[in-house]
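Protein chains in written order, with this note's numbering: chain A, 1 to 130; chain B, 131 to 242; chain C, 243 to 347; chain D, 348 to 467.
The hints are simulated quantities; they were obtained by calculation from the structure and are not laboratory data. Ideal Cβ placement from N, Cα and C applies to all residues, glycine included. Any given hint might turn out to be false.
To give a feel for the contact side, a few chain C residues facing chain A, derived at Cβ under 7 angstroms [claimed, not checked]:
#1 TYR330
#2 VAL334
#3 LEU338
#4 VAL343
Calculated lysine to aspartate or glutamate pairs in the DMTMM-like style (CA-CA distance at most 25 angstroms, straight line) [stated by the list, open to error]:
#5 B:LYS205 <-> B:GLU178
#6 D:LYS408 <-> D:GLU418
#7 B:LYS227 <-> A:GLU94
#8 B:LYS228 <-> A:GLU97
#9 C:LYS299 <-> D:GLU459
#10 D:LYS351 <-> D:ASP430
#11 D:LYS408 <-> D:GLU440
#12 D:LYS460 <-> C:ASP339
#13 B:LYS211 <-> D:GLU381
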Amino acid sequence: MQSFTLVVFGAPDSQSSSTALNYAKAVLKAGHHIYRLFFYQDGVFNACSFNTPSQDEENSSVNWQTLIQEHELDAVVCVASALKRGIVNAAEAERYELAASNLRQGFEISGLGQLIDGVIQSDRVVNFLP
Amino acid sequence: MSNTLLIKDKQLKLDKNGYLQELAGWDKAVAEALANKEGLALGSEHWELIHLLRNFHQQSGLIPSTRVLVKLIAKEFGEEKGKSAYLMSLFPDAPLKKICKIAGLPRPINCV
Amino acid sequence: MTLHLINKSPAKSSALNECLSVLEASNNSSSAILLIEDAVYSALKHPANMALHEKIKKLASPCYLLKEDLLMRGLHAELVEGFTIVDYAGFVQLSLDFKKVQSWS
Amino acid sequence: MTLKNILIIIRQAPYSSLLPAAALDVLLTAAAFEQPITLLFMGEGVQHLLSAQNSTGSGMKNISKALPSLELYEVDQVFMEKDALANRKLENEKLVLQVESLSLNQIADAIEKADQVFNF
Numbered sequence: 001m002q003s004f005t006l007v008v009f010g011a012p013d014s015q016s017s018s019t020a021l022n023y024a025k026a027v028l029k030a031g032h033h034i035y036r037l038f039f040y041q042d043g044v045f046n047a048c049s050f051n052t053p054s055q056d057e058e059n060s061s062v063n064w065q066t067l068i069q070e071h072e073l074d075a076v077v078c079v080a081s082a083l084k085r086g087i088v089n090a091a092e093a094e095r096y097e098l099a100a101s102n103l104r105q106g107f108e109i110s111g112l113g114q115l116i117d118g119v120i121q122s123d124r125v126v127n128f129l130p
Numbered sequence: 131m132s133n134t135l136l137i138k139d140k141q142l143k144l145d146k147n148g149y150l151q152e153l154a155g156w157d158k159a160v161a162e163a164l165a166n167k168e169g170l171a172l173g174s175e176h177w178e179l180i181h182l183l184r185n186f187h188q189q190s191g192l193i194p195s196t197r198v199l200v201k202l203i204a205k206e207f208g209e210e211k212g213k214s215a216y217l218m219s220l221f222p223d224a225p226l227k228k229i230c231k232i233a234g235l236p237r238p239i240n241c242v
Numbered sequence: 243m244t245l246h247l248i249n250k251s252p253a254k255s256s257a258l259n260e261c262l263s264v265l266e267a268s269n270n271s272s273s274a275i276l277l278i279e280d281a282v283y284s285a286l287k288h289p290a291n292m293a294l295h296e297k298i299k300k301l302a303s304p305c306y307l308l309k310e311d312l313l314m315r316g317l318h319a320e321l322v323e324g325f326t327i328v329d330y331a332g333f334v335q336l337s338l339d340f341k342k343v344q345s346w347s
Numbered sequence: 348m349t350l351k352n353i354l355i356i357i358r359q360a361p362y363s364s365l366l367p368a369a370a371l372d373v374l375l376t377a378a379a380f381e382q383p384i385t386l387l388f389m390g391e392g393v394q395h396l397l398s399a400q401n402s403t404g405s406g407m408k409n410i411s412k413a414l415p416s417l418e419l420y421e422v423d424q425v426f427m428e429k430d431a432l433a434n435r436k437l438e439n440e441k442l443v444l445q446v447e448s449l450s451l452n453q454i455a456d457a458i459e460k461a462d463q464v465f466n467f
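Assemble the whole structure, with the sequences as input and the hints as a guide.
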């Protein structure tokens with residue numbers, strides 16, 4: 001069994017986000033371990049709980065959340081990318097005096113250090129570039 | 131709620147953590163008022179570091195980590211001052227956050 | 243021992259071309275290229291792709307295409323020879339067959 | 348702590364994409380973790396080395412300003428693709444930092460030697 005860290009750069013409506021999701025599923029199906037999902041740059045929009053695509057469209061945020069919760073994956077959202085794009089948890093919303101928090105359950109906000117930790121700890125790091 | 135820093139005729143908005151909201155409003159009097167809120171009286175050694183950090187930020191666009199700031203101090207003012215204990219003695223507790231706040235720089239986002 | 247992952251159309255990005263230039267200059271032939279997303283258009287029989295295909299043909303490294311991205315775009319018959327088609331399970335396996343995966347954008 | 352050789356390649360021109368700034372952030376964080384780091388400017392990425400840039404008022408980050416400070420972060424392995432400046436007729440421009448050139452063959456070696464490559 002090998003361990004993987006996946007870096008998701010693409011917004012929910014980009015193909016690169018869906019490629020990363022399909023890849024994550026294939027990693028788990030092959031019996032390997034996902035050490036961490038790291039959502040970076042526009043990838044952080046996948047962690048927004050306010051995403052409401054039309055009913056006849058896929059909700060990539062929900063698809064990620066389902067995978068994360070089913071497999072209890074470590075899903076880290078880059079704090080600097082998230083703050084810039086308005087994705088905040090309750091603690092950050094309070095710190096910056098924002099009207100609401102919108103981080104989807106299952107995701108956690110943390111620093112870029114978690115990506116470097118992924119490089120150090122896992123067997124493979126795959127970047128899904130925008 | 132947001133608080134305000136009053137200096138003579140100036141009113142400066144602070145965020146919840148006491149950082150300036152508009153960095154352009156910073157000047158020496160502002161720094162002294164901010165330091166005062168932290169219970170610090172700025173002496174020449176404080177100023178030396180504040181100017182160093184502000185110049186570094188202006189030139190590089192970067193907010194250094196504590197470790198890098200200590201190295202920057204060592205490079206500029208010698209090994210004697212280039213120690214975290216020296217930085218800590220001037221800006222106690224959370225030295226990087228404290229000096230950034232007083233120097234009118236953004237709050238460092240902890241990447242680790 | 244690197245799997246080079248490319249996801250952009252050759253019309254939009256020089257990624258494949260730059261990757262091929264590095265591999266050409268390398269003394270080591272134990273790398274591979276996997277084309278995903280819009281990069282699968284690089285395998286089309288198209289005059290604009292001819293120079294790339296010449297480079298790929300001369301290379302000792304194998305070149306793969308992601309099946310799901312070909313099917314999604316309706317590409318079947320018009321592909322040049324010399325590419326191997328893999329699915330997501332194959333993509334994961336390739337990631338492990340090589341020492342690391344390097345993505346180019 | 349396990350050390351991983353991290354190679355960061357910047358291939359996108361400044362301001363056209365957010366990726367170069369992201370690459371710099373990854374580099375600074377990897378440096379904070381004391382990992383061995385190599386930075387390489389390839390192709391259009393060499394434009395970051397030009398010192399005449401001024402992004403004031405654009406809202407875009409000028410990452411070239413940070414390059415002379417990399418030494419403080421103990422990042423001293425900084426390279427550019429040989430010929431990339433000449434191919435763009437930029438060889439006489441002033442650069443923010445003097446960096447060594449690598450041939451494509453040496454770049455291939457650097458990629459092989461790295462444990463992880465971030466190619467933005």
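Hint numbers the structure violates, sorted upward? The structure conflicts with hint 10 only, although it agrees with all the remaining ones.
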